[in-house]
Every structure is written in structure tokens, then in C-alpha cells.
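For reference, the chains in residue letters:
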Amino acid sequence: MHHVLLERWSQRASPLHRRDARAKILALLVFLVVLATTPAGAGAILTTYAALLAAAILIARLPLSGIVSRSMVVLPFSLTFALISWLAGEPWRALALVEKSYLSTVAVLLVAGTTPLPLLLGGLERLGAPRLLVLVAQFLYRYLFVLSEQAQHMRLAAACRQGGATVRGRNGFRAASGALAVLFARSHERAEGVHRAMRARGFSGRFSLLHSQRFGARDGAFLLVVSAFLVLVRFG
Amino acid sequence: MTTPTNVPAPLIEVRNLYFQYGDGTQALEGVNFTLYPGETVALLGPNGSGKTTFVLQLNGVLSGEGSITVCGLPLTKETLTRVRAKIGMVFQDSDEQLFMPTVLDDVAFGPLNQGMGEREAIAKAKLALEQASLAQVWNKAPYHLSAGEKRRVALAGVLAMEPEILILDEPTTFLDPPAERNLLQLLRDLPQAKLIVTHNVRLAASLASRAVFFEKGKLVASGSVSEIAERFHWTYSDLAPADLRYSAQRRF
Numbered sequence: 000m001h002h003v004l005l006e007r008w009s010q011r012a013s014p015l016h017r018r019d020a021r022a023k024i025l026a027l028l029v030f031l032v033v034l035a036t037t038p039a040g041a042g043a044i045l046t047t048y049a050a051l052l053a054a055a056i057l058i059a060r061l062p063l064s065g066i067v068s069r070s071m072v073v074l075p076f077s078l079t080f081a082l083i084s085w086l087a088g089e090p091w092r093a094l095a096l097v098e099k100s101y102l103s104t105v106a107v108l109l110v111a112g113t114t115p116l117p118l119l120l121g122g123l124e125r126l127g128a129p130r131l132l133v134l135v136a137q138f139l140y141r142y143l144f145v146l147s148e149q150a151q152h153m154r155l156a157a158a159c160r161q162g163g164a165t166v167r168g169r170n171g172f173r174a175a176s177g178a179l180a181v182l183f184a185r186s187h188e189r190a191e192g193v194h195r196a197m198r199a200r201g202f203s204g205r206f207s208l209l210h211s212q213r214f215g216a217r218d219g220a221f222l223l224v225v226s227a228f229l230v231l232v233r234f235g
Numbered sequence: 000m001t002t003p004t005n006v007p008a009p010l011i012e013v014r015n016l017y018f019q020y021g022d023g024t025q026a027l028e029g030v031n032f033t034l035y036p037g038e039t040v041a042l043l044g045p046n047g048s049g050k051t052t053f054v055l056q057l058n059g060v061l062s063g064e065g066s067i068t069v070c071g072l073p074l075t076k077e078t079l080t081r082v083r084a085k086i087g088m089v090f091q092d093s094d095e096q097l098f099m100p101t102v103l104d105d106v107a108f109g110p111l112n113q114g115m116g117e118r119e120a121i122a123k124a125k126l127a128l129e130q131a132s133l134a135q136v137w138n139k140a141p142y143h144l145s146a147g148e149k150r151r152v153a154l155a156g157v158l159a160m161e162p163e164i165l166i167l168d169e170p171t172t173f174l175d176p177p178a179e180r181n182l183l184q185l186l187r188d189l190p191q192a193k194l195i196v197t198h199n200v201r202l203a204a205s206l207a208s209r210a211v212f213f214e215k216g217k218l219v220a221s222g223s224v225s226e227i228a229e230r231f232h233w234t235y236s237d238l239a240p241a242d243l244r245y246s247a248q249r250r251f
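Chains P and V are the protein sequences, given in the same order.
Counting with numbering that gives the first Met the number 0, you get residues 0 to 235 for the letters of the first sequence.
Counting with numbering that gives the first Met the number 0, you get residues 0 to 251 for the letters of the second sequence.
Please keep in mind that the hints were generated in silico from the structure rather than gathered at the bench.
Just so it is clear, CB atoms sit at the ideal spot from N, CA and C, and this is done for glycine as well.
Do not rely on the hints blindly, as some may be mistaken.
Said to hold, decoys possible - Just so you have them, the derived chain P footprint on chain V, three or more residues with Cβ under 8 Å:
{"id": "1", "segment": "78–84"}
{"id": "2", "segment": "93–102"}
{"id": "3", "segment": "107–115"}
{"id": "4", "segment": "155–166"}
What the hints assert, rightly or not - With a straight-line cut-off of 25 Å between C-alpha atoms, the simulated SDA-like cross-links for lysine to any residue are:
{"id": "5", "chain 1": "V", "residue 1": "139", "chain 2": "P", "residue 2": "130"}
{"id": "6", "chain 1": "V", "residue 1": "217", "chain 2": "V", "residue 2": "29"}
{"id": "7", "chain 1": "V", "residue 1": "125", "chain 2": "P", "residue 2": "125"}
{"id": "8", "chain 1": "V", "residue 1": "125", "chain 2": "P", "residue 2": "205"}
{"id": "9", "chain 1": "V", "residue 1": "125", "chain 2": "P", "residue 2": "11"}
{"id": "10", "chain 1": "V", "residue 1": "139", "chain 2": "P", "residue 2": "142"}
Model the full structure from these sequences, guided by the hints.
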């Protein structure tokens, strides 16, 4: 059985977890916009944003260190661009680039860590995100686990037959490409099977999703307070 | 449960069904079959003999030549939606059937496709989950379930559509003995007529009132499960007490 850390986080209970997905997505959007428009060198504003995120992580009862370390995934990309800016003689811009991209990632992780993916996708759909895009994301998420399990089984089967030897170079490449081809063929077969199962249950091209969340007064108040605070910090 | 003698109107009537796959494989050749209310029929036969292809014809997922009537409705493009509402099909691979992000979403998929409103679909889905003794897993993701739970969720997904006929393709594959027992008990308690594709003669014997045998795309025999199993030597060799003793001595 697989567990994704983000998913485990999203199943916890906290005031942030209880907010409607739409309120969190819109608050995230406001955050990303004010962050992106914050001028380079505005250290105090960025520090306030960082403090706000840290407070939100604590309120959400998520592990601060876990989010801080996982957000570093963006650094290889942002550092590359920062280096280019630095070399071009714009050190403040380089610093802002790293800070902004890092804070954006923390904010995205915070929303994903406090909202189960089905609710997040439902929220996106209700906010007007293209349905096809949402469905593709939903299927990808559902079958990623099945695919990774198949890949693990194949790796295990390969390991059982290669004894203690490590297969590298040309042979390793051949084995990996063969495994990929099999995975692709199986995925295609599975897609046909899924489609068959969908048709058997009356699917005729229109997908109906359940929307279990309701946007309440507390969600509205949350969105309003967070947005007002962010705008105030940025322009106040 | 035996075949009724006063012959009520059949639930499924198949006449002269032929089907060929795109690659030229003749999968079904002149199949005739009738399913009556209250019956549970086991479909036995070797791998590749056309059993699954046959059941996929019954709700129009595949379509060949010949006539199929389901609950008095001739299967055509126009009647397809109504026919699919009457037949609930549980596939061999539960992962293919459970494609929605949560169990509740998945079980409500069929009712929503039947045009029900969200509230009604949720109520139907919850009822079906209770029927399958799965009320406690409604908000779980399918990949967090055991094989037995997945199979029962797949069954709940079709029960929510209130079908008159259940078709189950190898329902006990990958299940451990307790999960198999639970599933068998659940299936026994369901009032619908059932068609069960299986290799498992024990399962067939414990559920089915009749068995039919497929061979090379043809339905070659119909009779009681024991008759069919005996005639086609369709049994696993049982372990003799001597084998068990041998196995116990060899344990390491």
C-alpha cells in the first residue's frame, strides 16, 4: 500500500484543513500575485510573507521542517536563473528570484498539504478551470500509483533474475527501455479497460463529479482577511 | 435455485451470436444462451474460449452479429443506455473499475450517469456501500483498499445502479480465503440473477444453479456445475492426505 506524504498531511484536521478548497486556491492566487509584484530588495515585505507562511504551517499542524526541506525542490531551477541575473550584474534581482520562487513553492505545498487532492481538483473545476484538464489530473493521480506499483513489480522481477550483478551501460539501458515499453503497452491496455468499465456504468461522454464542499461564511471571511492582509503588507 | 419449470420471460436471450476481433480472431461462433430470473449461471471454459468476450456483448461494450434481448429490450444503439442500467458488470481487474478519486465518487459514478441529482446519487451510493458492508471506507482513495475491499467497492458501484442482472468476471481472483468467503456470502444474499465467469469450480458450485461451458468461441454444453465439471474434467487435482503429510515434512 502506498502513502504519499502530501496526502497524509492533507488528511489531518486543522482550521486550515476545514476551509473550502476554493477559498484556499483564491488566497493562494492573491499571494502569488502580490509576491510576484513585490519589488526586488523589499526584504521586510518578503520576511512578513515568510512569517505568515510559517504561522499558517503551524496553524495547519504541518511539520515546518518537512515543508521547508521539500520546498527546496525548486532551488535547482531558480538558482540557475538567479546565477544568470547575478552574472548580469543584478544581485538584488537574483536574490528576489530565489526568495520568491521558494516562498511560492512553500505556499503551494501548504495548500496541497491542507486539501485532499479530490477536493482541490473539485475546487479548481468550480472556479472555472477547464474540466478536461481537471479530469486528466484526476486520472493521472489515480493511476500513477497503479503504474508505479507495476514498475516496482517489474524492477523486483528483474532484480530476482539478475542475481547480485548490477546491470549498467548498454544492457542496463536496454532493460530499462524494454521495461518502459511494457509499461506503456500495459497503460494503454489499462486505459482501454477503464474506458470499458466506464461505458458499462452508463458513461456517455459527460463526466459528473460530486461536489461535497460548501463555501460558507467562514471560508469567505478567511479569504477576505488573508487577501486584505496580503494587499496591506504589499501596498501599505 | 433451479431453472424454473413454468418458464417465465427470460432476462437475457442470445441467439446466433458471432463476433470477430479486429485482428481476425473469431471469438464467438453461433452462441445461443438464455438466462432466467433468479438463476445464477457459471460460465466455465479454458482461457481464450470467449467467456469474457461473450459477457461484454451483453451490455454492448462489444458488439457482434446476432440478436441479444435483455429484459425484453432488443440490444440496439437506441436501447443501449437502458440495457446498461439493467446489467451491472463487475470486471476482473478492480483497478480498472475504480477510476474515481474516492470510493464515494466511484460508487456514485453510475447513478450520476443515470441522470440522478447529486444528493440522490450520494444516497444511492451510501446505501450500496452499506449493502457491501463498506460504509466505513466511503472517503478513502481506491488504492488504499485491500483487494477484497476493492472487489466489493466495484460490486457496490454496480449495485448503486440497481441492476436486474449481475455479471461478474472472475470475482475471486487475487482474493485471500476470508475475502473470498465474504464476497461469496455477499453474492449469495443478492437477489439479482447472476452470470459468473470463472475458472473456480468451487465458487461455481457454491453459487451457481447451472453452468455452461465455452470452447473455442462456442457454447458447447449446459448443465449442473457438477455435470459440466465432470464431463470436461474441469477440476483442480485435490491434494490427497498423503501429499499433505509430505508437504508437512518438507516444511522449512
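How the hints compare with the structure:
1. Under the rule that three or more residues need a Cβ within less than 8 Å of chain P, the assignment of the segment 78–84 of chain V holds, with 3 such residues.
2. Only when three residues or more bring their CB closer than 8 Å to a CB of chain P does the claim for the segment 93–102 of chain V stand; here the count is 7, and the claim holds.
3. Requiring three or more residues with a Cβ within less than 8 Å of a Cβ of chain P, the coverage given for the segment 107–115 of chain V holds, as 6 such residues are present.
4. Under a criterion of three residues with beta carbons nearer than 8 Å to beta carbons of chain P, the stated coverage of the segment 155–166 of chain V is upheld, 3 such residues being counted.
5. For the suggested pair residue 139 of chain V and residue 130 of chain P, the alpha carbons sit about 23 Å apart, so the restraint of at most 25 Å is met.
6. Under the criterion of a C-alpha separation no larger than 25 Å, the hint pairing residue 217 of chain V with residue 29 of chain V is consistent with the structure, at around 7 Å.
7. Only pairs whose Cα atoms come within 25 Å are accepted, and residue 125 of chain V paired with residue 125 of chain P is accepted, the gap being roughly 24 Å.
8. Restraint check: the Cα-Cα separation between residue 125 of chain V and residue 205 of chain P comes to about 22 Å, which is no more than 25 Å; the hinted pair holds.
9. For the given pair, residue 125 of chain V sits about 23 Å from residue 11 of chain P by alpha-carbon distance, which is consistent with the 25 Å threshold.
10. Among the hinted pairs, residue 139 of chain V with residue 142 of chain P is consistent with the structure: their alpha-carbon atoms are about 15 Å apart, no more than 25 Å.
Hint compliance for this structure: no hint is broken.
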